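In this note's numbering, the protein residues as written are 647 to 785.
Be careful, since some hints might not be right.
[Stated by the list, open to error] In the DSSO-like style, the derived pairs of lysine-lysine whose C-alpha atoms are separated by at most 30 Å in a straight line are: (1) K714 x K702; (2) K712 x K657; (3) K702 x K712; (4) K702 x K657.
[Claimed, not checked] Listed next, with one range per pair, are the computed distances between beta-carbon atoms: (5) L769 x W730: 32 to 42 Å; (6) F760 x F668: 18 to 28 Å; (7) W651 x L769: 29 to 39 Å; (8) G764 x A713: 14 to 24 Å; (9) T752 x V661: 13 to 23 Å; (10) T724 x P761: 22 to 32 Å.
Keep in mind that the hints were calculated from the coordinates and are not lab data. Small disclaimer: the values here were computed from a predicted structure and weren't measured. Glycine included, each C-beta is placed from N, C-alpha and C at the ideal position.
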Amino acid sequence: MPTMWLSDNQKIGVVFCSGGGFFLIGGVMLFFDRAMLAMGNVLFLIGLTIIIGPQKTLVFFARKQKAKGTAAFFAGLTLILMRWPLIGFLVELYGIFILFGDFLGTIAGFARNFPVIGPYIGLLVDRVGLGQRNSELPV
Numbered sequence: 647m648p649t650m651w652l653s654d655n656q657k658i659g660v661v662f663c664s665g666g667g668f669f670l671i672g673g674v675m676l677f678f679d680r681a682m683l684a685m686g687n688v689l690f691l692i693g694l695t696i697i698i699g700p701q702k703t704l705v706f707f708a709r710k711q712k713a714k715g716t717a718a719f720f721a722g723l724t725l726i727l728m729r730w731p732l733i734g735f736l737v738e739l740y741g742i743f744i745l746f747g748d749f750l751g752t753i754a755g756f757a758r759n760f761p762v763i764g765p766y767i768g769l770l771v772d773r774v775g776l777g778q779r780n781s782e783l784p785v
């Protein structure tokens with residue numbers, strides 16, 4: 647299988663991020679289980695740090711344009727740890743949308759290429775207007 651352009655450390659970071667995503671999905675499926683949501687957040691942050699490096703991670707979260715998203719993400723994580731998992735998850739989801747919203751156009755462009763549902767995703771993306779958001783990516 648081709649390894650594309652990822653180094654070995656970045657591949658490990660992708661595994662951590664994927665594990666974090668699975669833990670987040672599992673935490674939601676288990677009616678907002680606090681431990682699984684917290685573990686998903688920790689794994690996601692570790693994976694992101696391994697993929698792009700500690701310096702770029704700090705710069706990404708500390709940017710002035712993303713301060714609201716960063717505050718919401720970490721406030722949601724804190725609420726989850728303080729035994730308010732539903733409210734914490736919703737606040738964190740808002741923060742993730744603010745932080746990573748610039749990538750939605752890129753993800754939608756990739757999803758247009760899916761074999762059966764791609765044209766329908768393309769119609770939805772055009773109707774919502776996500777296709778124009780990827781003109782300047784933050785990284």
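Index of numbered hints that the structure contradicts, given in increasing order: 8 and 10
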